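Same order as they appear, the protein sequences are chains A and B. Going letter by letter, the first sequence gives residues 48 to 490 in this note's numbering. Going letter by letter, the second sequence gives residues 48 to 490 in this note's numbering.
It is worth saying that the hints were derived from the structure and are not from the lab. Note that this is a predicted model, so its numbers are computed, not measured. C-beta atoms are modelled at their ideal positions from N, C-alpha and C, and glycine is treated no differently. Hints are not guaranteed to be accurate.
Short derived list, chain A residues pointing at chain B, Cβ under 8 Å [as the list claims (entries may be wrong)]: (1) 233; (2) 237; (3) 326; (4) 332; (5) 337; (6) 343; (7) 353; (8) 361.
On the chain B side, residues computed to face chain A include the following (Cβ under 10 Å) [unchecked claim]: (9) 322; (10) 330; (11) 331; (12) 338; (13) 363; (14) 469.
Where chain A lies over chain B, by a calculated footprint (3+ residues, C-beta under 8 Å) [what the hints assert, rightly or not]: (15) 188 to 197; (16) 356 to 362.
There are 2 protein chains.
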Amino acid sequence: MRILVVGSGGVGDAVARIAARRVFFERMVVADFDVARADRTVAAANARDLARVGPRFVAARVDASDPAAITALAREHGATHVLNAVDPRFVMSVFQGAFDAGADYLDMAMSLSRPHPERPYEETGVKLGDAQFAADSRWRDAGRLALVGMGVEPGLSDVFARYAVDHLFSEVDELGTRDGADLVVLGDDGEPVFAPSFSIWTTIEECLNPPVIWEADRGWYTVPPFSEPEVFDFPGGIGPVECVHVEHEEVLLMPRFLGARKVTFKYGLGEEFIAVLRTLHTLGLDRTEAVPVRSADPAAPGSVAVSPRDVVAAVLPDPAALGERMRGKTCAGVLVTGRGRDGEPREVYLHHIVDNAWSMAEYGAQCVVWQTAVNPVLALELLARGVWSGAGVLGPEAFDAVPFLDLLSAPEPVGYGSPWTLEERTPRPAAGTATTPSTPSSA
Amino acid sequence: MRILVVGSGGVGDAVARIAARRVFFERMVVADFDVARADRTVAAANARDLARVGPRFVAARVDASDPAAITALAREHGATHVLNAVDPRFVMSVFQGAFDAGADYLDMAMSLSRPHPERPYEETGVKLGDAQFAADSRWRDAGRLALVGMGVEPGLSDVFARYAVDHLFSEVDELGTRDGADLVVLGDDGEPVFAPSFSIWTTIEECLNPPVIWEADRGWYTVPPFSEPEVFDFPGGIGPVECVHVEHEEVLLMPRFLGARKVTFKYGLGEEFIAVLRTLHTLGLDRTEAVPVRSADPAAPGSVAVSPRDVVAAVLPDPAALGERMRGKTCAGVLVTGRGRDGEPREVYLHHIVDNAWSMAEYGAQCVVWQTAVNPVLALELLARGVWSGAGVLGPEAFDAVPFLDLLSAPEPVGYGSPWTLEERTPRPAAGTATTPSTPSSA
Numbered sequence: 048m049r050i051l052v053v054g055s056g057g058v059g060d061a062v063a064r065i066a067a068r069r070v071f072f073e074r075m076v077v078a079d080f081d082v083a084r085a086d087r088t089v090a091a092a093n094a095r096d097l098a099r100v101g102p103r104f105v106a107a108r109v110d111a112s113d114p115a116a117i118t119a120l121a122r123e124h125g126a127t128h129v130l131n132a133v134d135p136r137f138v139m140s141v142f143q144g145a146f147d148a149g150a151d152y153l154d155m156a157m158s159l160s161r162p163h164p165e166r167p168y169e170e171t172g173v174k175l176g177d178a179q180f181a182a183d184s185r186w187r188d189a190g191r192l193a194l195v196g197m198g199v200e201p202g203l204s205d206v207f208a209r210y211a212v213d214h215l216f217s218e219v220d221e222l223g224t225r226d227g228a229d230l231v232v233l234g235d236d237g238e239p240v241f242a243p244s245f246s247i248w249t250t251i252e253e254c255l256n257p258p259v260i261w262e263a264d265r266g267w268y269t270v271p272p273f274s275e276p277e278v279f280d281f282p283g284g285i286g287p288v289e290c291v292h293v294e295h296e297e298v299l300l301m302p303r304f305l306g307a308r309k310v311t312f313k314y315g316l317g318e319e320f321i322a323v324l325r326t327l328h329t330l331g332l333d334r335t336e337a338v339p340v341r342s343a344d345p346a347a348p349g350s351v352a353v354s355p356r357d358v359v360a361a362v363l364p365d366p367a368a369l370g371e372r373m374r375g376k377t378c379a380g381v382l383v384t385g386r387g388r389d390g391e392p393r394e395v396y397l398h399h400i401v402d403n404a405w406s407m408a409e410y411g412a413q414c415v416v417w418q419t420a421v422n423p424v425l426a427l428e429l430l431a432r433g434v435w436s437g438a439g440v441l442g443p444e445a446f447d448a449v450p451f452l453d454l455l456s457a458p459e460p461v462g463y464g465s466p467w468t469l470e471e472r473t474p475r476p477a478a479g480t481a482t483t484p485s486t487p488s489s490a
Numbered sequence: 048m049r050i051l052v053v054g055s056g057g058v059g060d061a062v063a064r065i066a067a068r069r070v071f072f073e074r075m076v077v078a079d080f081d082v083a084r085a086d087r088t089v090a091a092a093n094a095r096d097l098a099r100v101g102p103r104f105v106a107a108r109v110d111a112s113d114p115a116a117i118t119a120l121a122r123e124h125g126a127t128h129v130l131n132a133v134d135p136r137f138v139m140s141v142f143q144g145a146f147d148a149g150a151d152y153l154d155m156a157m158s159l160s161r162p163h164p165e166r167p168y169e170e171t172g173v174k175l176g177d178a179q180f181a182a183d184s185r186w187r188d189a190g191r192l193a194l195v196g197m198g199v200e201p202g203l204s205d206v207f208a209r210y211a212v213d214h215l216f217s218e219v220d221e222l223g224t225r226d227g228a229d230l231v232v233l234g235d236d237g238e239p240v241f242a243p244s245f246s247i248w249t250t251i252e253e254c255l256n257p258p259v260i261w262e263a264d265r266g267w268y269t270v271p272p273f274s275e276p277e278v279f280d281f282p283g284g285i286g287p288v289e290c291v292h293v294e295h296e297e298v299l300l301m302p303r304f305l306g307a308r309k310v311t312f313k314y315g316l317g318e319e320f321i322a323v324l325r326t327l328h329t330l331g332l333d334r335t336e337a338v339p340v341r342s343a344d345p346a347a348p349g350s351v352a353v354s355p356r357d358v359v360a361a362v363l364p365d366p367a368a369l370g371e372r373m374r375g376k377t378c379a380g381v382l383v384t385g386r387g388r389d390g391e392p393r394e395v396y397l398h399h400i401v402d403n404a405w406s407m408a409e410y411g412a413q414c415v416v417w418q419t420a421v422n423p424v425l426a427l428e429l430l431a432r433g434v435w436s437g438a439g440v441l442g443p444e445a446f447d448a449v450p451f452l453d454l455l456s457a458p459e460p461v462g463y464g465s466p467w468t469l470e471e472r473t474p475r476p477a478a479g480t481a482t483t484p485s486t487p488s489s490a
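Next comes chain A alone, as it looks inside the complex:
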């Protein structure tokens, strides 16, 4: 297997660092628009490479917005697989470039949505991944696989959902992805500062787009941003965090492959972060269209054009560089409700927690990007071994969850040494009956 990773930001860098401990592939080309960044990733990965078969990691420059450039680079290196690790705005160009190169394709975020022109907070317009699923038959006919949404969320969350449907439930009411953390970033004075732990561009995109929900008897529909806040009690010492509906790939993927009455995604943004996102939106600083602004470069006066959202990203610290100053844990998981194999009401929270201190010590990668990056590497390993195989545009839940979850938990060098947990919770009364607050049981 020869892998082309497009993008060496936080996640691409962690992909290389994780892959350096695995022997299932011959070569990994790490390409970025900023080749110096790719060089740094490749140097770190080669220095940590356990395969000891010569330098397996190679840096390259590529413009992710140019499908022909992706194709040319993939062909040059004989890439069998292209792993897309850039901002979701470049999904379609990398997806197309991989297809034209005859390579299989993986990503961690799907093609972008466009709100319904008249009723954005009631009906879906163009949905996440629609552009990719439209190409499904082309990929299938060519016998090539596009494994989409194969990060942690979407990705591991979809694997959890598949596992629950196959092995834990006879009937599923809701597949509810719930993501939360207790991360803080410390400033120079040791006091917490505001610093998002993941790409602010992507976070704004997913949080301010109309959140999508799926129900079996209604199909996909949307609600206003930050709808239905609920306090979810996260395990592992993280504790209660306010979660709200967010547009996310799981809601588009799971119903295509799994049976459930309802599919939701709620993100534990916390009150402070929700307030920040609301303000950015109120001011129009979330906008991506170019705005004319006075140049602040004395050597090049006049007017320049910038995207306000790019400016927001530029003033915030690079999330991938925050690892040393970050404290806490991040938790990704799926709350599954319904009836167990015995027909009794059941509620489980399948989840995976990464402690930043651990991922920094082991990989030099902060926990949020590490937790995202480990899943596509693991999926590539299952594909390399032939444990997973398929053709067409498929989500993670199209594959058997057991070998994935086993490999994730198994200690190194067999597995990735990062256990997941099944937590039984006290089932809530079914919808339509009187409700009382749920009391989470311990894991």
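Please build the complex by placing chain B on the supplied structure of chain A, with the hints as guidance.
Here is chain B on its own, set in the frame of chain A:
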């Protein structure tokens, strides 16, 4: 009198529209970096000119950051007075340019402050106006006048303070400027939208700098932004608004010329606006230093440098253009506490209210910029008539308040037809004794 107005933004434009109804000057040159903007102001003013002595208003282009350009333009037109109506970051270049041209000078905001390097929220560093007052003897020796802070706040507020000291009080505890409004801006759908009614650049500057307070036995000192929130009940139907300490020129001006135990400025920002400003500061979007950002201009790709605060200003609507969509009133005033001429405790709120509907109908100017602009025009008229005169760097409270307040209230064509109000309030107990909430009396 020949006046050079530097800047034809909201306030400069309103200055010309107000001046068009007065006959005390021969010529007004309106200069802007964007000459098209100056042209629009001049066209509107000439069309409304009541003097009918030929076109009194002339447009010009000028770079306000270049003192030599200010001097050259002032000389070219034989300007006797330069009125500075640009962002406060250009105060020193316009101030210097006017001096070198041998012209008198007026502004509505003073030279910028710099926080104390170690204890920014306890001690003052470089204070507002320090750079200007340092030149006082030079202006005095030259027999030239620099009338600084001659807008509404500072400006009319300082005139109110002088009036209270001269005519209403025997002993002043506090001169407390209090500014509030009930303005809303309606969007295309008729619903209120977020749109600041004054330059966001200036608002960020004054609200995020350490607020300054003066006490007779302590001198000037600073506190953290948004300190000591209090709900102030504004008259004229505006009602209660949350006010917080803000860095403002009155606190630097009044103690230089008037006797009081304490001088404060509190701005009725309201909770929503305070939250927005806090968020901008948390994210670093209030910063003025250049930040490198990807160009969003396909014709000029690469990296450009912009000031984040300029980007915030660029995404928000131009406050001067909001008049048609604005509803409500703005109130500027000074709460004076102490002992009246009879020795009894007294509390008065001297204030001036402008209804946006009135200023739009009369002048085509929104109320906040109109209320700012009327005061320097009126001061220029008093200087032209010789009612006010002086040399050196002086604040509005260095001059007799009575002719100013009389001219403001008197109906046109004698006065400006915009009455002010003296509202008696129930005196609060003196500091150090038990306090009960004050109950405002009606005006």
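Here is what the structure says about each hint:
1. 233: violated (15 Å)
2. 237: violated (18 Å)
3. 326: Where the cut-off is 8 Å and the nearest Cβ of chain B is about 4 Å from residue 326 of chain A, the hint holds.
4. 332: Holds. Min distance 6 Å.
5. 337: Residue 337 of chain A check passes; min Cβ-Cβ to chain B is 4 Å, inside 8 Å.
6. 343: OK, holds: residue 343 of chain A within 8 Å of chain B, min 4 Å.
7. 353: holds (5 Å)
8. 361: Hint holds; residue 361 of chain A Cβ to chain B Cβ min 5 Å, cut 8 Å.
9. 322: Constraint on residue 322 of chain B satisfied, holds at 7 Å.
10. 330: At 6 Å from the nearest chain A Cβ, residue 330 of chain B passes the 10 Å test, so the hint holds.
11. 331: Because about 4 Å separates residue 331 of chain B from the closest Cβ in chain A, which is inside the 10 Å limit, the hint holds.
12. 338: Where the cut-off is 10 Å and the nearest Cβ of chain A is about 5 Å from residue 338 of chain B, the hint holds.
13. 363: holds (6 Å)
14. 469: Not OK, violated: residue 469 of chain B not within 10 Å of chain A, min 38 Å.
15. 188 to 197: violated (count 0)
16. 356 to 362: Answer holds; 5 residues pass the 8 Å Cβ test.
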